[in-house]
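Visitor: As a plain string of letters, each chain reads:
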Amino acid sequence: MSVTLGQIEQIAPDQASLKAASGLRSPAKWSGVGRDDEASLLWGECQGSGSAPYLVCATTDDLGFRCSCPSRKLPCKHVLALLWQHVEQPTRFATAATPEWVTNWLARRRPRAGGAADSEAEDRPENEKSLQLAATVEPEAPVDEQAAVRAARQRERTRATREAAVLDGLEELERWIGDQLAGGLMSFVANSIEQCRVVSRRLIDAKAPALAATMDSLPDKLFAMPKELREDFAIDRLGMLALLSKAYRRQDALAPELANDIRRAIGWAPRREELLADPAVMRFDAVWRVLATRSEVQPDQLRRLETWLARETDASAEKDAPQFALLLDYVATGAGKVVHAFEPGERFSATLAFYPSATPLRALLVERVPVATDRPASPAMATLSAAYSSYLANIARNPFILEWPIAAGGTRIEDRDQSGSWLVDDSLELRVAPAQQARLLPLSGLVDMKATGLWNGQILTLLTAETPYGIWQDA
Amino acid sequence: MSPPLPTSVPVDSRSLATLRQGLSVGTSRAALPPLPPPLDLFGAGGEAQDLVTLALTAMARRFMRPLPPARSEGALPRRLPAPDLLPIGPMVRRCLDRVARQGDMTTRSLLFGAALDRIALAGFGLHPFDLPVLEPLLRQHRDRIGGLGRAYLDVVDGKSSPAESSERPTRETWRQFGKPERLAFLEALRKQDPDAARSLLETDFGRDPAALRADLLRVMAIRLDEADRAFLEIAAGDRAEAVRKIASTLLGRLRSSPVYAERIAAFVARLGVQHAPHPGASPQGPHDGALLRRQLLTWKPTDEAKTVPLLAFCRDLVDGLRLGDVEAAMAVAGTSLADATIGDTWLAACLIRMAMFEGQDAKALRIAGNCREPDGAIFAQMIADLFTAVAARDRVRPLSAFVATGPAALLLPDTDLGALAQTLRAPLPDDLAQTLVDDAAFDRAMADCALPARERMYHVAHARLLPLAILLPASVGGRFRQSLSNIEGGTALAAAVFTDFGMALAADTTDTN
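Heads up: the protein sequence lines correspond to chains A and B, in order. When you line the first sequence up against this note's numbering, it's residues 1 to 475, in that order. When you line the second sequence up against this note's numbering, it's residues 1 to 513, in that order.
Chain B with its partners taken away, still in its complex shape (with noise of 0.2 Å):
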């Protein structure tokens, strides 16, 4: 090969600049200037002289080293924070990729939500490279793609500065940084030291604009103690409605305050029976314990119960209250409400929430399993409900209440699948979902997707498809995978596309493990 040619050009910059100025004007309204040396040697003389003088500019420039534009002063590059969970392997991200582009808008949108759940609950998180690409859907589903996802919205919306971009907040700096970072910071502390988050949120709480103060209060449903009612009772008294209202709902939570017991007794007062007494029971009251082995304990709605959601009414109503305390109120001696017959799924649902709350879940199961003739969507709702509410703890068993009634139940069009996914934001756990895949009816549901739809018996819809692979894990996801090859369409492909998913990341973290 030749030796190397001479790679700097001794040409007066100022020149070049100048010829680049009559390059860019034109010369049909002034002459290109003449070339400065050494370039003038290459003249050429006549009309060609300017195609020249472009020739020799342009090759001139190329060994013009690039200079950057100045900086602003203080100004610092943009970038993310480290990121705090490990991020997905390379097979789960290419999986992760083909769940983002499958189907129409909303199914990338179900689908991508329910991808960013399976990988929260792995442990993993989203890996850096592909948040740009995963903008949109990021945007969608802000409340699961985790700290390093909110930050890089941030940073692209211009909302935090490149140096709180790149650090975390303490209990000196939090006030500097923006909300979504304030919240989960106050979150991960009052989860670790409740009293040290609530004197945090004291500490000047009336300088935050009321919507924050709002949503920071909110966090301190986390760990609520009696501990927590002298702030309570103060944010009570605050001059915004929505903090008002916050504080006094955690304050009905707390057994201490009058609220409290207002609200036991209004619960109490909405309970009814629906038969007449056993022969033979003492005649004293229709809630004598041995009657309530033998009636339908019902519950009166109010009027708001029929104009609002009504699990988020059925929340308002329960939380925090505890099944020994309403047990207290009717004054049942020696009986249950756990033994009691449930005669309206809405009444069930609370029941189990109050007993989950105790910790008492073999209550829970119970009352879910004395529930007479559950509504099917609705029970979906409230099973997933109440695993949100106990997120810690073992989520199968009141599931397997429902489940027992038969695996099948799951596949019938009016257990609201949708509901009870986007709710529940896991998969099922492993062995009930092996009961239900196991299951003749679950092979006879899937060949009835299989036919077009006039022929089919069981009436699931591809639609279903989707929760379904949702609901699904990826111990089964090989089960499942198979009987999604014999249904065409596109829902059918992007559930297999789901489920691939979810088999991937969970080899990943078993190897990870």
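Just chain A, with the same shape it has in the complex (with noise of 0.2 Å):
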């Protein structure tokens, strides 16, 4: 059964949906097309403003759809861009093996009882749809220079006040940590809930909003630290900050990279389009594996998506290439159910441009393309020491690192009950975050495992391991 484009109409939530919709008609916005006759099934990623692309999948028999973007109108915009363009250029859509991610959809979906014309745009028929409507292109303004000029200003005027407010925020951090040093670390540990929580709000109202994250997650990864560590880990963190503060005044004498690091930090950060119109950035063809998918709810009310990555090495690789990488997204906290656009386990080869950092980890997915499931075995990894030399390496140069991942083959897990688990080798033990403890015992006494973690200078935080009994995951 085909779609047509009155369907496409009725099952629109609203005009400006299909207005959007014609916005997203072009090619050059989606990749990965293709449509599976027999199951009645199209597909498609359609990139948006996040680091990666949108997942889109429809059914033509009964019109079901699954959208990884966070919009609440349903359907929304990429699925009738997708819906749209098989409509009017059916070519495009090559037949074609069915991705997991549809196959995965397809599996928990039931089936809608009464078919396509169950839209709940069908109960307001007071909104008038048109395709056509949507379609026509408006002329362009003509380009007001004084208007420009006097926005080029504007933003100037607004970077400046924003410039002044942080540092404004920053000799308040300072007070801030003196007073903590006053009372001790020890008390501070016992107050920091409250104590964070105050300084992290400060921090928003400063424009320094992934320093005011930082602060309003400290508690959180305070008290999942062994109890025994968590001095060692306050002093860790609140000494990065101070040095945060002092490095931001100076960031003009720094090298540019670490410079770079140094705001983001704050919550400065280039927008997608200036980093991707940026010929310096560094970018890099790689065949990637997720390791893990990560979500937490900041303080300005975002929820931060994490997908973390790992190169699949090869003999021909750049010495100096990235091993790891990071794509982080921001949805609003009221934008329904999380979706993420990558699985664990995930393999994909794709150019992804490296925001620029002393320590090259954070990236944006620039092209995509799929590849097999079935992979070959991975590549032997460093011992664990090696690995922990790597990541010493790493914040030499950048001493602003949060966490970082760690990857070391021939490894085990020992559950030491009381005294928690441990990644360990015969070069290294590491400790592993106490919450991940009882999910892990059954892993301990496997030998010779290739695992991947994130190390925050204190413990570890077990992301993937290959083993014996296959891969497992953090949940």
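Worth flagging that the hints you see were computed from the coordinates, not collected in a lab. Note that the coordinates shown come from a computational prediction; the quantities given were computed from them, not determined experimentally. Even for Gly, the Cβ is constructed at its ideal location relative to N, Cα and C. Mixed in with the good hints, there may be bad ones.
[As the list claims (entries may be wrong)] Ranges between beta-carbon positions, derived for each pair:
| # | chain 1 | residue 1 | chain 2 | residue 2 | range |
| --- | --- | --- | --- | --- | --- |
| 1 | B | 63 | A | 27 | 50 to 56 Å |
| 2 | A | 271 | B | 109 | 25 to 31 Å |
| 3 | B | 430 | A | 269 | 33 to 39 Å |
| 4 | A | 269 | B | 17 | 35 to 41 Å |
| 5 | A | 321 | B | 86 | 37 to 43 Å |
| 6 | B | 157 | A | 228 | 21 to 27 Å |
| 7 | B | 109 | A | 37 | 38 to 44 Å |
| 8 | A | 448 | B | 175 | 32 to 38 Å |
[To be verified] With the Cβ distance kept under 8 Å, some of the chain A side facing chain B (calculated, not the full set):
| # | residue |
| --- | --- |
| 9 | 20 |
| 10 | 174 |
| 11 | 238 |
Take the two lone chains and join them into the complex the hints point to.
Guide: Take a look at the structure:
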């Protein structure tokens, strides 16, 4: 059964959605489009404003759909655009093997009893929706040069105001740290929840959102530590914040990459378009494997979505090429159910553009091509000691790293009951996060594991491990 | 990229420890100690010095190699034994995870238990990585989670030593293990070599606590034989009543024992005939063979039967008794009880149980077919009960007799599907299930479920969808899934999730084979 333009108009929530969908019909915005006629499936990946494209699929027989974007309008503009393209340019949708993310959605989906006519939009007869109207290209307004100059000046004023606010915020942060030192860090640990909440709010007011998020999450991370390590962790974090505050005032004297790290740690970040337009930005092609996805709500009510990637190395890879990458996306907390664009274990070939940094890690996904899920055996990995030395080398370049990936082979987990779980090999032992101990018990005793985790200076959060029982992944 | 920087910090660790202590205590109590070399090169002086000291201390400590705490002498890491069964595959694991999170606690427990049964039937085991996540449900179904699951719970509860959790019992070491391991080992040995198992149990039998002795003695029911009589007679004189009771029960199943004959006589004494003999029949008494074909055979229950669960009572009453011995005690010449018209469902249950115990499946089927106006709920329980009694043998035919009265009988309100599902602990045979879903009554019942409660003709409550999902095998899963799609509500969704699990498991089994 094929879709018609009339059906697309019918299911669209409103005219604004159709208008937005019209702007997404360009093939340049889509990759990985395909179809399966037997299953009446369409799919594609649409690049949005986030670091990763949105995964969009639909069924043509009963117009079921799914999109990984956070939009509350159903169907969203991406689904509408996918269907619209299929009607107008069906040849773009080549018959292909159904991607696993589409299969997974289909397996969880219950068929719609009433078919395509059950759209809620039917109940709003007063909304006039027209694809023709949505596709109309409005003439561009003539460029007003004076307005452009005024806008540039306003942006500069805004920037200067924000810089001043940040500096005030950092000054207050230093006073606050001094107060904590006066009372002693033992006392700070006990009172950290209230203390950090207060200073986090002030940092939001000071237009330093990333720093505010770091402060806001500090108590949770503190109490996730084993009790005997909490004061050490407090020293580490507050010491890093004191250094960050000093460094921010001297960023002009620092290497540009490190200055970028400092500014991002405060909350300055280039926009996606700016980054992609910068020819100096490091881009790297490789096959990447998704290690883990995580999400966290920040004090500014945005949900931070993390996707951790590991590069599948090969003999021809550049020696200094980044081994790991982090994709970050932010969605409003009221945007409905969180849907990660990727599943742990997924593999794809991609070009990543790395944010300028003394230790490149955060990246944007420029272009992606799925690869076979069956992958060759991963190559031999370094010892734990060598991986730890690599971590030390990175924090020597960038002391503002909060956590860093560590990957090692030939490791094992030892569950020492009251003493916690440890990732060990013959060269080193690293304490694993207490919250993971229960889940790691089945791994205890398994040998020759390839393990990857995030080290925060005190404890390791295991992300994934290749074991004789298969791949273990953090929930 | 710039060349690697030095990653060692030549700072005295004792000095760093002193700084750490000062930071912990607080500068209001005492000034921070001075920075040790070479960190003292970065001194800022004045009010800012404390922050500088903090920052440098933090940075220096980052480069210290992490040291694990000292380990207790002889302490071994906790670990689990290797899985004794092939773990379920990734798709089945995902489906099982959905089952485990579906609905309220009662629904989750019901469906998860059924899922465990299916996994065991398929010859698989739980995946080790799933054990921690499933722990609350594992505890509710300890008898169904297999050796690895029980070992996991024991390790978590601190009930077995690290060394034990990585080894298996042997005939020499089995006493060193906990009760679950010992029971499992003895059961396996008893199935394989009954005499060896008995000898093992006999050795130092009195050393174990009474409750454990009773549990271990129950294992003797497997492949019970006259050779076990001597040991059971000793156990019948045990100091613990629980042990004596079990020993007596088992002795009562040995044909050579006086108790057996007493049980046969007691059973026959309660048989009765409901109607008058047929005209022209020989007036030789109620148990005349010719009369049996024309009269209703009934049974007078004891007072005890009114107060305990009837199926359990039935089991205690007839387990181990042979139908042939009952017939011989009735002195019925040339006629089998399988030809009698049975007027009491409980009596039919007892006779069927005895026939199945003897391996007389055809007789059991005839008895089921001769049961006049069977009570649906009781009959369903009975069928399920005899399935568990003869687990290794073909289960189809007794249930076929029941379903032959009409496949939709399984859907009738008075058929206790829940009890059937929970006791059966296995899906229906494929051909039987196919007969059921092909019947028009099935479609009517499922369509009925989609209606509001007050409009339903068959009064098939949504709650019955769950045992139905548990009873229907994967071969009809797609058909059942389709019929669920029109039914709203959490129960229908839970039934669908379980059905998906069943189909995934069947596909996994097929792939493995």
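Visitor: Hint compliance check: list the failing hint numbers for this structure, sorted ascending.
Guide: As far as the earlier hints go, 2, 3, 9 are violated by this structure, in ascending order.
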